[in-house]
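When you get a sec, could you build the whole thing from the sequences and use the hints?
Using this note's numbering, the first residue of the sequence shown is number 78, and each one after it goes up by one.
Don't read these hints as lab results, they were simulated from the structure. Hints are not guaranteed to be accurate.
What the hints assert, rightly or not - Between beta-carbon pairs, the in silico distance windows are:
(1) PRO617 to ASP241: 45 to 55 Å
(2) VAL503 to SER597: 53 to 63 Å
(3) SER368 to GLN526: 47 to 57 Å
Predicted, not measured: the structure shown is a model, and the values here were computed from it. Ideal placement from N, C-alpha and C gives every residue a C-beta, glycine not left out.
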Amino acid sequence: MFSINKALLSKSLFIVFLFLVLSFASLNSLHSQSFQPNPDSIPFAPAVNYGAGDSPSSVFCADLDDDNDFDLAVANQFSANVSIFKNNGDGTFESAVNYGAGDRPISVFCADLDNDNDLDLAVANLGSYNVSILKNNGDGTFASAVNYGAGDTPFSVFCADLDDDNDFDLAVANDFSHNVSILKNNGDGTFASAVNYGAGGLPSSVFCADLDNDNDFDLAVANSGYDNVSILKNNGDGTFESAVNYGAGDYPVSVFCADLDNDSDLDLAVANNWSYNVSILKNNGDGTFASAVNYGAGAYPSSVFCADLDGDSDLDLAVANIWSDNVSILKNNGDGTFQTAVNYGAGDWCVSVFCADLDNDNDLDLAVANDDGNNVSILKNLTIALFLLTPSDKDSITNPVDLNWFLRDPNLNDTVRYDLYLSRSVVFSPESTVVYDSLLDTTFTDSLQLKDWYWKVKAYDKWGAVRWSNQTWSFYVYLCGDCNGDGVVDASDVVYELNYLFIKGPAPVPFLAGDATLDSVVDISDVVYLINYLFIDGPPPCG
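This is the structure we're talking about:
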(Lines of atoms letter the chains of each structure in order from A; the text may use other names.)
(Lines give C-alpha, C1' and ligand atoms only; values in the text may rest on other atoms or scores of the structure.)
Protein backbone atom coordinates (compact mmCIF):
# COMPACT_ATOMS: atom_id res chain seq x y z
CA MET A 78 0.00 0.00 0.00
CA PHE A 79 1.42 3.38 -0.94
CA SER A 80 2.12 5.82 1.84
CA ILE A 81 0.78 8.85 -0.04
CA ASN A 82 -2.88 9.76 -0.37
CA LYS A 83 -4.90 9.56 -3.59
CA ALA A 84 -4.81 13.28 -4.11
CA LEU A 85 -1.12 12.90 -4.65
CA LEU A 86 -1.14 9.69 -6.70
CA SER A 87 -0.93 11.84 -9.81
CA LYS A 88 1.52 14.28 -8.26
CA SER A 89 5.19 13.97 -7.58
CA LEU A 90 7.88 16.45 -8.05
CA PHE A 91 11.49 16.96 -7.57
CA ILE A 92 13.37 20.09 -8.42
CA VAL A 93 16.59 19.91 -10.31
CA PHE A 94 19.64 22.03 -10.91
CA LEU A 95 22.26 21.69 -13.66
CA PHE A 96 25.22 21.17 -11.43
CA LEU A 97 27.47 19.15 -13.60
CA VAL A 98 30.79 20.07 -12.16
CA LEU A 99 32.99 16.96 -12.43
CA SER A 100 35.17 16.46 -9.34
CA PHE A 101 38.48 14.88 -10.35
CA ALA A 102 39.81 12.06 -8.15
CA SER A 103 43.48 11.36 -7.59
CA LEU A 104 44.57 10.24 -11.02
CA ASN A 105 48.28 9.63 -10.72
CA SER A 106 47.81 6.31 -8.91
CA LEU A 107 45.68 4.85 -11.74
CA HIS A 108 47.99 3.50 -14.41
CA SER A 109 47.70 -0.09 -15.64
CA GLN A 110 44.05 -1.15 -15.55
CA SER A 111 41.81 -3.51 -17.44
CA PHE A 112 38.60 -2.77 -19.23
CA GLN A 113 35.83 -4.26 -21.30
CA PRO A 114 34.04 -2.90 -24.39
CA ASN A 115 31.34 -0.41 -23.54
CA PRO A 116 27.83 -1.84 -23.91
CA ASP A 117 25.13 0.00 -25.83
CA SER A 118 23.52 0.96 -22.55
CA ILE A 119 25.24 2.97 -19.84
CA PRO A 120 26.37 0.57 -17.09
CA PHE A 121 25.18 1.36 -13.58
CA ALA A 122 25.88 -0.71 -10.50
CA PRO A 123 22.85 -2.09 -8.62
CA ALA A 124 21.16 0.41 -6.33
CA VAL A 125 22.43 0.83 -2.77
CA ASN A 126 19.78 2.28 -0.47
CA TYR A 127 20.09 4.69 2.47
CA GLY A 128 17.21 5.31 4.87
CA ALA A 129 15.64 8.77 4.81
CA GLY A 130 12.50 10.20 6.41
CA ASP A 131 8.86 9.45 5.76
CA SER A 132 7.92 9.81 2.07
CA PRO A 133 11.08 11.37 0.56
CA SER A 134 9.91 13.48 -2.37
CA SER A 135 12.97 15.37 -3.64
CA VAL A 136 16.74 14.83 -3.68
CA PHE A 137 19.50 17.37 -4.37
CA CYS A 138 23.27 16.69 -4.53
CA ALA A 139 25.70 19.40 -3.38
CA ASP A 140 28.88 19.85 -1.35
CA LEU A 141 27.25 20.87 1.90
CA ASP A 142 30.23 20.43 4.27
CA ASP A 143 32.94 21.91 2.03
CA ASP A 144 35.03 18.73 1.69
CA ASN A 145 34.96 18.49 -2.12
CA ASP A 146 32.42 15.73 -2.51
CA PHE A 147 28.68 15.71 -3.10
CA ASP A 148 26.34 15.20 -0.16
CA LEU A 149 22.59 14.61 -0.32
CA ALA A 150 19.67 16.76 0.82
CA VAL A 151 16.30 14.99 0.81
CA ALA A 152 12.88 16.56 1.48
CA ASN A 153 10.66 14.14 3.43
CA GLN A 154 7.03 15.00 2.92
CA PHE A 155 5.32 13.23 5.81
CA SER A 156 8.03 13.58 8.47
CA ALA A 157 8.15 17.35 7.89
CA ASN A 158 11.94 17.47 7.65
CA VAL A 159 15.00 17.38 5.42
CA SER A 160 17.54 14.56 5.66
CA ILE A 161 21.24 15.39 5.14
CA PHE A 162 23.52 12.53 4.10
CA LYS A 163 27.23 13.34 4.23
CA ASN A 164 29.39 11.66 1.63
CA ASN A 165 32.32 9.56 2.90
CA GLY A 166 34.23 10.59 -0.24
CA ASP A 167 33.60 7.41 -2.20
CA GLY A 168 29.87 7.58 -2.90
CA THR A 169 28.88 5.89 0.33
CA PHE A 170 27.03 7.99 2.88
CA GLU A 171 26.72 8.50 6.61
CA SER A 172 23.36 8.00 8.28
CA ALA A 173 20.83 10.76 7.75
CA VAL A 174 20.70 13.76 10.06
CA ASN A 175 17.29 15.42 9.98
CA TYR A 176 16.33 19.10 10.19
CA GLY A 177 12.78 20.36 10.59
CA ALA A 178 11.08 22.21 7.75
CA GLY A 179 7.46 23.21 7.15
CA ASP A 180 4.37 21.04 6.71
CA ARG A 181 4.84 18.38 3.99
CA PRO A 182 8.14 19.51 2.42
CA ILE A 183 8.11 18.32 -1.19
CA SER A 184 11.02 20.09 -2.94
CA VAL A 185 14.55 21.02 -1.83
CA PHE A 186 17.20 23.17 -3.52
CA CYS A 187 20.77 23.97 -2.35
CA ALA A 188 22.38 27.37 -2.97
CA ASP A 189 24.46 30.01 -1.19
CA LEU A 190 21.57 32.21 -0.14
CA ASP A 191 23.36 34.43 2.40
CA ASN A 192 26.63 35.00 0.50
CA ASP A 193 28.89 33.30 3.06
CA ASN A 194 30.37 30.72 0.66
CA ASP A 195 28.46 27.69 1.86
CA LEU A 196 25.28 26.10 0.53
CA ASP A 197 21.99 26.65 2.31
CA LEU A 198 18.64 24.91 1.84
CA ALA A 199 15.40 26.20 0.34
CA VAL A 200 12.43 23.89 0.88
CA ALA A 201 8.94 24.19 -0.63
CA ASN A 202 6.31 23.07 1.89
CA LEU A 203 3.15 21.72 0.29
CA GLY A 204 1.04 21.77 3.45
CA SER A 205 2.02 25.10 5.03
CA TYR A 206 2.02 27.18 1.82
CA ASN A 207 5.52 28.50 2.41
CA VAL A 208 9.24 28.06 1.79
CA SER A 209 11.67 27.17 4.57
CA ILE A 210 15.21 28.59 4.53
CA LEU A 211 17.78 26.61 6.52
CA LYS A 212 21.15 28.38 6.69
CA ASN A 213 24.30 26.31 6.65
CA ASN A 214 26.57 26.67 9.70
CA GLY A 215 29.53 26.12 7.39
CA ASP A 216 30.02 22.42 8.15
CA GLY A 217 26.91 20.84 6.66
CA THR A 218 24.81 21.35 9.77
CA PHE A 219 21.91 23.77 9.57
CA ALA A 220 20.18 26.46 11.59
CA SER A 221 16.47 26.26 12.35
CA ALA A 222 14.12 26.93 9.48
CA VAL A 223 12.84 30.43 8.77
CA ASN A 224 9.66 30.44 6.71
CA TYR A 225 8.45 32.78 3.96
CA GLY A 226 4.97 32.74 2.49
CA ALA A 227 4.43 31.53 -1.07
CA GLY A 228 1.28 30.57 -2.95
CA ASP A 229 -1.29 27.81 -2.46
CA THR A 230 0.35 24.34 -2.30
CA PRO A 231 3.91 25.14 -3.41
CA PHE A 232 5.27 22.10 -5.25
CA SER A 233 8.68 23.22 -6.48
CA VAL A 234 11.41 25.71 -5.57
CA PHE A 235 14.38 26.91 -7.63
CA CYS A 236 17.15 29.37 -6.63
CA ALA A 237 18.70 31.78 -9.16
CA ASP A 238 19.78 35.41 -9.45
CA LEU A 239 16.61 36.67 -11.07
CA ASP A 240 17.15 40.42 -10.63
CA ASP A 241 20.88 40.55 -11.46
CA ASP A 242 22.05 41.78 -8.06
CA ASN A 243 24.47 38.92 -7.31
CA ASP A 244 22.36 36.99 -4.86
CA PHE A 245 20.01 34.04 -5.20
CA ASP A 246 16.28 34.68 -5.32
CA LEU A 247 13.50 32.09 -5.13
CA ALA A 248 11.02 30.93 -7.76
CA VAL A 249 8.20 28.75 -6.43
CA ALA A 250 5.61 26.88 -8.48
CA ASN A 251 2.27 26.92 -6.63
CA ASP A 252 0.00 24.12 -7.71
CA PHE A 253 -3.48 25.15 -6.56
CA SER A 254 -3.02 28.91 -7.07
CA HIS A 255 -1.90 28.39 -10.69
CA ASN A 256 1.06 30.76 -10.39
CA VAL A 257 4.74 31.20 -9.65
CA SER A 258 5.91 33.19 -6.63
CA ILE A 259 9.10 35.26 -6.89
CA LEU A 260 10.78 36.04 -3.57
CA LYS A 261 13.70 38.45 -3.98
CA ASN A 262 16.72 38.04 -1.75
CA ASN A 263 17.60 40.99 0.47
CA GLY A 264 21.26 40.02 0.07
CA ASP A 265 21.59 38.19 3.37
CA GLY A 266 19.39 35.15 2.91
CA THR A 267 16.23 36.88 4.02
CA PHE A 268 13.53 37.46 1.44
CA ALA A 269 10.99 40.06 0.37
CA SER A 270 7.31 39.19 0.17
CA ALA A 271 6.27 37.02 -2.73
CA VAL A 272 5.21 38.56 -6.04
CA ASN A 273 3.06 36.20 -8.09
CA TYR A 274 2.93 35.61 -11.85
CA GLY A 275 0.27 33.56 -13.57
CA ALA A 276 1.24 30.24 -15.13
CA GLY A 277 -0.91 27.39 -16.42
CA GLY A 278 -3.19 25.03 -14.54
CA LEU A 279 -1.65 23.19 -11.56
CA PRO A 280 2.01 24.22 -12.04
CA SER A 281 4.15 21.43 -10.59
CA SER A 282 7.75 22.32 -11.49
CA VAL A 283 9.76 25.47 -12.16
CA PHE A 284 13.24 25.84 -13.69
CA CYS A 285 15.19 29.11 -14.10
CA ALA A 286 17.45 29.51 -17.15
CA ASP A 287 18.40 32.02 -19.84
CA LEU A 288 16.08 30.79 -22.55
CA ASP A 289 16.23 33.79 -24.91
CA ASN A 290 19.98 34.52 -24.72
CA ASP A 291 19.66 37.95 -23.16
CA ASN A 292 21.73 37.23 -20.05
CA ASP A 293 18.95 36.98 -17.51
CA PHE A 294 17.04 34.03 -16.04
CA ASP A 295 13.63 33.22 -17.46
CA LEU A 296 11.14 30.71 -16.07
CA ALA A 297 9.96 27.39 -17.47
CA VAL A 298 6.97 25.94 -15.64
CA ALA A 299 5.42 22.50 -16.13
CA ASN A 300 1.62 22.71 -15.78
CA SER A 301 0.15 19.30 -15.00
CA GLY A 302 -3.46 20.47 -15.26
CA TYR A 303 -3.16 21.98 -18.76
CA ASP A 304 -0.65 19.56 -20.36
CA ASN A 305 1.74 22.34 -21.24
CA VAL A 306 4.82 24.32 -20.27
CA SER A 307 4.70 28.05 -19.55
CA ILE A 308 7.62 30.29 -20.51
CA LEU A 309 7.85 33.56 -18.58
CA LYS A 310 10.56 35.84 -19.96
CA ASN A 311 12.51 37.99 -17.54
CA ASN A 312 12.40 41.75 -18.08
CA GLY A 313 15.95 41.93 -16.74
CA ASP A 314 15.02 43.00 -13.22
CA GLY A 315 13.30 39.93 -11.81
CA THR A 316 9.87 40.86 -13.11
CA PHE A 317 8.36 38.72 -15.82
CA GLU A 318 6.29 38.94 -18.97
CA SER A 319 3.02 37.07 -19.29
CA ALA A 320 3.30 33.34 -19.77
CA VAL A 321 3.50 31.83 -23.26
CA ASN A 322 2.43 28.19 -23.31
CA TYR A 323 3.74 25.22 -25.31
CA GLY A 324 2.10 21.83 -25.42
CA ALA A 325 3.76 18.86 -23.73
CA GLY A 326 2.51 15.36 -22.87
CA ASP A 327 -0.27 14.21 -20.58
CA TYR A 328 0.12 15.61 -17.04
CA PRO A 329 3.62 17.14 -17.16
CA VAL A 330 5.15 17.32 -13.67
CA SER A 331 8.86 18.04 -14.13
CA VAL A 332 10.80 20.36 -16.46
CA PHE A 333 14.56 20.71 -17.04
CA CYS A 334 16.36 23.23 -19.29
CA ALA A 335 19.56 22.22 -21.10
CA ASP A 336 21.28 22.42 -24.50
CA LEU A 337 20.20 19.05 -25.82
CA ASP A 338 21.03 19.55 -29.53
CA ASN A 339 24.39 21.34 -29.15
CA ASP A 340 23.31 24.59 -30.78
CA SER A 341 24.15 26.88 -27.84
CA ASP A 342 20.62 27.51 -26.62
CA LEU A 343 18.62 25.80 -23.90
CA ASP A 344 15.90 23.31 -24.78
CA LEU A 345 13.23 21.76 -22.58
CA ALA A 346 12.85 18.21 -21.30
CA VAL A 347 9.49 17.49 -19.64
CA ALA A 348 8.44 14.37 -17.73
CA ASN A 349 4.77 13.51 -18.34
CA ASN A 350 3.05 11.38 -15.68
CA TRP A 351 0.04 10.01 -17.49
CA SER A 352 1.50 9.55 -20.99
CA TYR A 353 4.54 7.62 -19.70
CA ASN A 354 6.97 9.70 -21.72
CA VAL A 355 9.32 12.67 -21.90
CA SER A 356 8.68 15.62 -24.19
CA ILE A 357 11.61 17.40 -25.86
CA LEU A 358 10.92 20.97 -26.99
CA LYS A 359 13.80 22.45 -28.96
CA ASN A 360 14.58 26.13 -28.57
CA ASN A 361 14.35 28.23 -31.74
CA GLY A 362 17.17 30.37 -30.37
CA ASP A 363 14.98 33.17 -29.02
CA GLY A 364 13.10 31.51 -26.17
CA THR A 365 10.32 30.22 -28.39
CA PHE A 366 10.05 26.49 -28.86
CA ALA A 367 9.28 23.90 -31.53
CA SER A 368 6.52 21.38 -31.03
CA ALA A 369 7.18 18.61 -28.55
CA VAL A 370 8.73 15.32 -29.65
CA ASN A 371 7.98 12.50 -27.21
CA TYR A 372 10.13 9.58 -26.06
CA GLY A 373 8.86 6.70 -23.98
CA ALA A 374 9.99 6.29 -20.38
CA GLY A 375 8.75 4.05 -17.56
CA ALA A 376 5.41 3.94 -15.79
CA TYR A 377 4.36 7.31 -14.38
CA PRO A 378 7.55 9.36 -14.88
CA SER A 379 7.80 12.05 -12.24
CA SER A 380 11.23 13.64 -12.60
CA VAL A 381 13.71 14.34 -15.40
CA PHE A 382 17.38 15.35 -15.22
CA CYS A 383 19.74 16.15 -18.14
CA ALA A 384 23.42 15.19 -17.86
CA ASP A 385 26.27 13.64 -19.84
CA LEU A 386 26.02 10.13 -18.45
CA ASP A 387 28.12 8.30 -21.05
CA GLY A 388 31.00 10.75 -21.41
CA ASP A 389 30.39 11.66 -25.07
CA SER A 390 29.91 15.41 -24.52
CA ASP A 391 26.15 15.56 -25.06
CA LEU A 392 23.37 15.54 -22.48
CA ASP A 393 21.37 12.39 -21.87
CA LEU A 394 18.14 12.00 -19.89
CA ALA A 395 17.57 10.33 -16.53
CA VAL A 396 13.89 9.86 -15.66
CA ALA A 397 12.50 8.63 -12.33
CA ASN A 398 9.40 6.44 -12.79
CA ILE A 399 6.98 6.05 -9.88
CA TRP A 400 5.01 2.94 -10.75
CA SER A 401 7.80 0.94 -12.39
CA ASP A 402 10.20 1.59 -9.48
CA ASN A 403 13.08 2.43 -11.78
CA VAL A 404 15.05 5.10 -13.61
CA SER A 405 14.97 5.33 -17.41
CA ILE A 406 18.18 6.40 -19.17
CA LEU A 407 17.73 7.81 -22.68
CA LYS A 408 21.04 8.35 -24.50
CA ASN A 409 21.36 11.42 -26.69
CA ASN A 410 22.25 10.80 -30.33
CA GLY A 411 24.14 14.08 -30.30
CA ASP A 412 21.42 16.14 -31.96
CA GLY A 413 18.72 16.25 -29.31
CA THR A 414 17.06 13.04 -30.44
CA PHE A 415 17.20 10.11 -28.06
CA GLN A 416 17.61 6.36 -28.07
CA THR A 417 15.09 3.96 -26.57
CA ALA A 418 15.01 4.04 -22.78
CA VAL A 419 17.04 1.52 -20.79
CA ASN A 420 15.71 1.02 -17.27
CA TYR A 421 17.58 0.52 -14.00
CA GLY A 422 15.89 -0.62 -10.83
CA ALA A 423 15.92 1.71 -7.84
CA GLY A 424 13.68 1.77 -4.75
CA ASP A 425 9.96 1.68 -4.17
CA TRP A 426 8.10 4.51 -5.93
CA CYS A 427 10.90 6.57 -7.50
CA VAL A 428 9.86 10.21 -7.49
CA SER A 429 13.05 12.26 -7.91
CA VAL A 430 16.43 11.80 -9.62
CA PHE A 431 19.63 13.87 -9.51
CA CYS A 432 22.89 13.24 -11.40
CA ALA A 433 26.30 14.05 -9.86
CA ASP A 434 29.78 12.55 -9.48
CA LEU A 435 29.18 10.99 -6.08
CA ASP A 436 32.25 8.70 -5.93
CA ASN A 437 34.86 11.06 -7.44
CA ASP A 438 35.64 8.89 -10.47
CA ASN A 439 34.84 11.48 -13.14
CA ASP A 440 31.45 10.19 -14.24
CA LEU A 441 27.92 11.05 -13.16
CA ASP A 442 26.04 8.75 -10.81
CA LEU A 443 22.36 8.72 -9.87
CA ALA A 444 20.66 9.62 -6.60
CA VAL A 445 16.98 8.65 -6.48
CA ALA A 446 14.40 9.52 -3.83
CA ASN A 447 11.97 6.64 -3.24
CA ASP A 448 8.70 7.84 -1.77
CA ASP A 449 7.21 4.55 -0.61
CA GLY A 450 10.56 3.01 0.29
CA ASN A 451 11.46 5.86 2.65
CA ASN A 452 14.99 5.82 1.30
CA VAL A 453 17.42 7.12 -1.31
CA SER A 454 19.00 4.86 -3.93
CA ILE A 455 22.55 5.43 -5.17
CA LEU A 456 23.39 3.93 -8.57
CA LYS A 457 27.08 4.30 -9.41
CA ASN A 458 28.03 4.87 -13.03
CA LEU A 459 30.49 2.28 -14.39
CA THR A 460 31.05 3.88 -17.80
CA ILE A 461 34.51 3.36 -19.27
CA ALA A 462 36.25 6.39 -20.74
CA LEU A 463 39.73 7.57 -21.67
CA PHE A 464 40.42 11.27 -21.04
CA LEU A 465 43.29 13.50 -22.09
CA LEU A 466 44.45 15.63 -19.16
CA THR A 467 47.50 17.80 -19.96
CA PRO A 468 48.54 19.73 -21.90
CA SER A 469 45.07 21.11 -22.36
CA ASP A 470 43.68 21.83 -25.80
CA LYS A 471 45.41 24.70 -27.66
CA ASP A 472 47.97 25.11 -24.88
CA SER A 473 51.44 26.57 -25.53
CA ILE A 474 54.27 24.73 -23.78
CA THR A 475 58.06 24.36 -23.81
CA ASN A 476 60.22 21.25 -24.01
CA PRO A 477 60.37 18.71 -22.51
CA VAL A 478 56.67 18.05 -23.10
CA ASP A 479 54.73 16.09 -20.45
CA LEU A 480 51.60 14.35 -21.79
CA ASN A 481 49.12 12.88 -19.31
CA TRP A 482 45.86 10.95 -19.71
CA PHE A 483 43.46 8.92 -17.58
CA LEU A 484 41.56 5.68 -18.07
CA ARG A 485 38.40 5.35 -15.99
CA ASP A 486 37.56 1.68 -15.60
CA PRO A 487 36.05 -0.34 -12.75
CA ASN A 488 37.75 -3.59 -13.80
CA LEU A 489 41.27 -4.18 -12.51
CA ASN A 490 42.15 -7.64 -13.80
CA ASP A 491 44.90 -7.29 -16.40
CA THR A 492 47.42 -4.93 -17.96
CA VAL A 493 46.38 -2.15 -20.28
CA ARG A 494 48.71 -0.75 -22.91
CA TYR A 495 48.49 2.65 -24.56
CA ASP A 496 49.42 3.92 -28.02
CA LEU A 497 50.14 7.66 -28.10
CA TYR A 498 49.51 9.31 -31.48
CA LEU A 499 51.27 12.62 -32.21
CA SER A 500 50.67 14.37 -35.52
CA ARG A 501 51.87 17.63 -37.09
CA SER A 502 48.46 17.83 -38.82
CA VAL A 503 44.86 17.61 -37.65
CA VAL A 504 44.67 14.66 -40.06
CA PHE A 505 46.56 11.73 -38.55
CA SER A 506 48.08 10.51 -41.80
CA PRO A 507 51.00 8.05 -41.82
CA GLU A 508 53.25 10.80 -43.16
CA SER A 509 52.48 13.26 -40.34
CA THR A 510 52.03 10.93 -37.37
CA VAL A 511 54.45 9.55 -34.81
CA VAL A 512 53.19 6.61 -32.75
CA TYR A 513 54.65 5.68 -29.38
CA ASP A 514 53.15 2.24 -28.83
CA SER A 515 52.76 -0.28 -26.01
CA LEU A 516 53.15 2.30 -23.24
CA LEU A 517 52.32 0.95 -19.78
CA ASP A 518 51.92 4.27 -18.02
CA THR A 519 49.43 7.13 -18.40
CA THR A 520 52.16 9.73 -18.79
CA PHE A 521 54.80 10.36 -21.45
CA THR A 522 57.68 12.84 -21.55
CA ASP A 523 59.83 13.78 -24.54
CA SER A 524 61.31 16.76 -26.37
CA LEU A 525 59.38 17.48 -29.55
CA GLN A 526 59.99 19.59 -32.62
CA LEU A 527 58.69 23.13 -32.36
CA LYS A 528 55.29 24.34 -33.68
CA ASP A 529 51.87 22.62 -33.62
CA TRP A 530 51.10 19.07 -32.54
CA TYR A 531 47.85 17.13 -32.32
CA TRP A 532 47.47 14.14 -30.01
CA LYS A 533 45.17 11.30 -29.02
CA VAL A 534 45.54 8.01 -27.17
CA LYS A 535 44.35 4.44 -27.77
CA ALA A 536 44.07 1.93 -24.93
CA TYR A 537 43.79 -1.83 -25.38
CA ASP A 538 43.97 -4.95 -23.20
CA LYS A 539 44.99 -8.56 -23.82
CA TRP A 540 41.38 -9.49 -24.62
CA GLY A 541 41.34 -7.16 -27.61
CA ALA A 542 39.10 -4.47 -26.14
CA VAL A 543 39.97 -1.02 -27.53
CA ARG A 544 39.12 2.46 -26.24
CA TRP A 545 40.10 5.75 -27.90
CA SER A 546 40.43 8.97 -25.93
CA ASN A 547 37.29 11.09 -25.79
CA GLN A 548 39.23 14.04 -27.21
CA THR A 549 41.79 14.91 -29.86
CA TRP A 550 43.68 17.95 -28.61
CA SER A 551 46.37 20.24 -29.97
CA PHE A 552 49.30 22.05 -28.37
CA TYR A 553 52.05 24.35 -29.55
CA VAL A 554 55.69 23.75 -28.61
CA TYR A 555 57.83 26.87 -28.44
CA LEU A 556 61.37 27.76 -27.44
CA CYS A 557 61.49 30.29 -24.63
CA GLY A 558 63.24 33.44 -25.83
CA ASP A 559 62.65 32.60 -29.49
CA CYS A 560 60.56 35.69 -30.12
CA ASN A 561 60.58 35.47 -33.92
CA GLY A 562 59.85 31.72 -34.05
CA ASP A 563 62.86 30.65 -36.12
CA GLY A 564 63.84 27.85 -33.73
CA VAL A 565 66.91 29.47 -32.16
CA VAL A 566 67.52 32.16 -29.56
CA ASP A 567 69.91 34.76 -30.95
CA ALA A 568 70.38 38.50 -31.44
CA SER A 569 67.51 38.65 -33.91
CA ASP A 570 65.13 37.87 -31.03
CA VAL A 571 66.46 40.86 -29.08
CA VAL A 572 65.80 43.09 -32.08
CA TYR A 573 62.34 41.50 -32.54
CA GLU A 574 61.36 42.16 -28.93
CA LEU A 575 62.68 45.74 -29.02
CA ASN A 576 60.60 46.37 -32.15
CA TYR A 577 57.53 44.99 -30.39
CA LEU A 578 58.07 47.08 -27.28
CA PHE A 579 59.03 50.43 -28.82
CA ILE A 580 57.89 50.72 -32.44
CA LYS A 581 54.70 48.60 -32.40
CA GLY A 582 56.20 45.62 -34.16
CA PRO A 583 54.51 42.20 -34.08
CA ALA A 584 54.19 40.41 -30.74
CA PRO A 585 56.13 37.22 -30.00
CA VAL A 586 54.31 34.07 -31.15
CA PRO A 587 53.30 32.59 -28.84
CA PHE A 588 53.37 35.61 -26.59
CA LEU A 589 54.93 33.56 -23.76
CA ALA A 590 58.04 33.04 -25.87
CA GLY A 591 58.98 36.63 -25.12
CA ASP A 592 58.60 36.26 -21.35
CA ALA A 593 62.19 35.27 -20.64
CA THR A 594 61.95 36.26 -16.95
CA LEU A 595 58.74 34.29 -16.25
CA ASP A 596 57.03 37.28 -14.63
CA SER A 597 53.92 36.99 -16.88
CA VAL A 598 54.64 40.22 -18.77
CA VAL A 599 56.80 41.06 -21.77
CA ASP A 600 58.80 44.21 -21.10
CA ILE A 601 62.31 45.66 -21.18
CA SER A 602 63.45 43.29 -18.40
CA ASP A 603 63.04 40.41 -20.85
CA VAL A 604 65.27 42.19 -23.39
CA VAL A 605 67.93 42.69 -20.72
CA TYR A 606 67.62 39.03 -19.73
CA LEU A 607 68.15 37.87 -23.33
CA ILE A 608 71.17 40.16 -23.77
CA ASN A 609 72.71 38.78 -20.58
CA TYR A 610 72.13 35.23 -21.82
CA LEU A 611 73.53 35.82 -25.29
CA PHE A 612 76.51 38.05 -24.55
CA ILE A 613 77.65 37.68 -20.92
CA ASP A 614 76.87 34.01 -20.18
CA GLY A 615 73.69 34.70 -18.18
CA PRO A 616 71.08 32.01 -17.38
CA PRO A 617 68.94 30.71 -20.26
CA PRO A 618 65.45 32.16 -20.87
CA CYS A 619 62.86 30.72 -18.50
CA GLY A 620 65.74 29.08 -16.65
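Consistency of the hints with the structure:
1. Under the hint 45 to 55 Å, the C-beta atoms of PRO617 and ASP241, about 50 Å apart, fit the expected range.
2. For the pair VAL503 and SER597, the beta carbons lie near 30 Å from each other, so the given range of 53 to 63 Å is not met.
3. Judged by the Cβ atoms, the range 47 to 57 Å given for SER368 and GLN526 holds: they are separated by roughly 54 Å.
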